[in-house]
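Chemist: Sequence:
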Amino acid sequence: MIKGLKIRLYPTPDQEHLMWQHIGSMRFVYNWALSRRSDEYRASGKMLSVADLGKELTQLKQTDEFSWLYEISNATLKESIRDLEKAYKGFFNGGGFPRFKSRKRSRTGFYSRYDKLYFKESMVNLEKIGKVRCRHDYGIDLTQVQKFSNPRVSYNGRCWVLAVGIEIEQEKPELTEVSLGIDLGIKQLAITNVDELDANNINKTARVRKLEKRLKRYQRQCSRKYENNRKGRSYRKTKNIAKIEKKIKKLHGRLANIRLNHIHQTTLAMVKTKPYRVVMEDLNVSGMMKNKHLSKAIMQQGFAAFIAQMKYKCEALGIEFVQVPRFYPSSKKCSHCGNIKKDLKLSDRTYKCECGFTCDRDKNAAYNLAGYGLA
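Mapping of the sequence shown onto my numbering: residues 18 to 392, in sequence order.
Derived by calculation from the structure, the hints in this document are not laboratory data. These numbers were taken from a predicted model, which means no experiment stands behind them.
EDC-like mimics (lysine to aspartate or glutamate), calculated; alpha carbons at most 20 Å apart, straight line: (1) Lys-145 x Asp-132; (2) Lys-289 x Glu-337; (3) Lys-106 x Asp-56; (4) Lys-133 x Glu-33; (5) Lys-118 x Asp-100; (6) Lys-121 x Glu-262; (7) Lys-264 x Glu-244; (8) Lys-133 x Glu-184; (9) Lys-118 x Glu-102; (10) Lys-291 x Glu-188; (11) Lys-72 x Glu-82; (12) Lys-291 x Asp-212; (13) Lys-204 x Asp-377; (14) Lys-95 x Asp-69; (15) Lys-23 x Glu-186; (16) Lys-328 x Asp-299; (17) Lys-103 x Asp-56; (18) Lys-137 x Glu-184; (19) Lys-328 x Glu-191; (20) Lys-189 x Glu-337; (21) Lys-23 x Asp-154; (22) Lys-291 x Glu-186; (23) Lys-328 x Glu-184; (24) Lys-106 x Asp-69; (25) Lys-20 x Glu-184; (26) Lys-227 x Glu-262; (27) Lys-189 x Glu-332; (28) Lys-23 x Glu-184; (29) Lys-380 x Asp-299; (30) Lys-289 x Glu-188; (31) Lys-145 x Glu-88; (32) Lys-103 x Asp-69.
Whole structure, please, built from the sequences with the hints as guidance.
Modeler: Encoded structure:
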């Protein structure tokens, strides 16, 4: 299986300048290829292929005006055309039409040629960039790895990161006879039919609340400075505003990492119990986000990330992953007698059945999910 790694990079100022050049060049080639493909389709009704655009890119580089493209790795430039091809495939599969990239909207990252990538002690070699100092704590000797998959270097607003995939052998463990039902919620991140695996809401901890309080303070400071520096109808960004915006960006990144790490630890603890199957609901997250009273709490919980992580971790260990239909009454159904309580409201946090069974609403849903399809 392919294991994804994220490695922290510590480039020199010259190397960082080259990295920004690669990012800008990928954005330029992407926009150029999108423009050429659109113009050709309007003129002749035909779509230029990746190979056709690659040949035209070679001719473009040979002109005096765009000879600076030779300073960038050819593999990096060609990957922009492949990224555009993926965007078109997404459009034909029901997604949005590819849009031109700008500095504000586009991701700050670039592709690095995989066969030129190798590790040596605490350094990693990137084509056209050179040997960059790096650090990771995966416990894997990357100097012995022969092949890397899809290396991408990105800047997250705080530091440079190399994301790369490596092939590893995954052992299939001996699974238990436990069917694990997981119900996602807002009060708690995850409620299961095994009490020891219930996960708390990380956003209610003192650590996260302290950071969010600091974030609000910085946002108020930034807003007030913009109001005080208004010039005519436009706002003038001062150096002090830029400093506060940098702090805000770092805090957003720190909070996102804390939440993502909590999801990783929770899902890993669940699959380590080795159940033979995991059952979850097929949540309509986009529909849930339309509730203005709960949208922020749902966003912070990261339901989509939880489901995605549980899927690939189950697949890696050979655990069956089941998603029940969206309208399955997991909360309204009594896990003891099977009776469905149609008048159950969202405000009813305790499930009380006519048979005398009383249970927490979310725990009852977890029991129903665990037994889905077994009777």
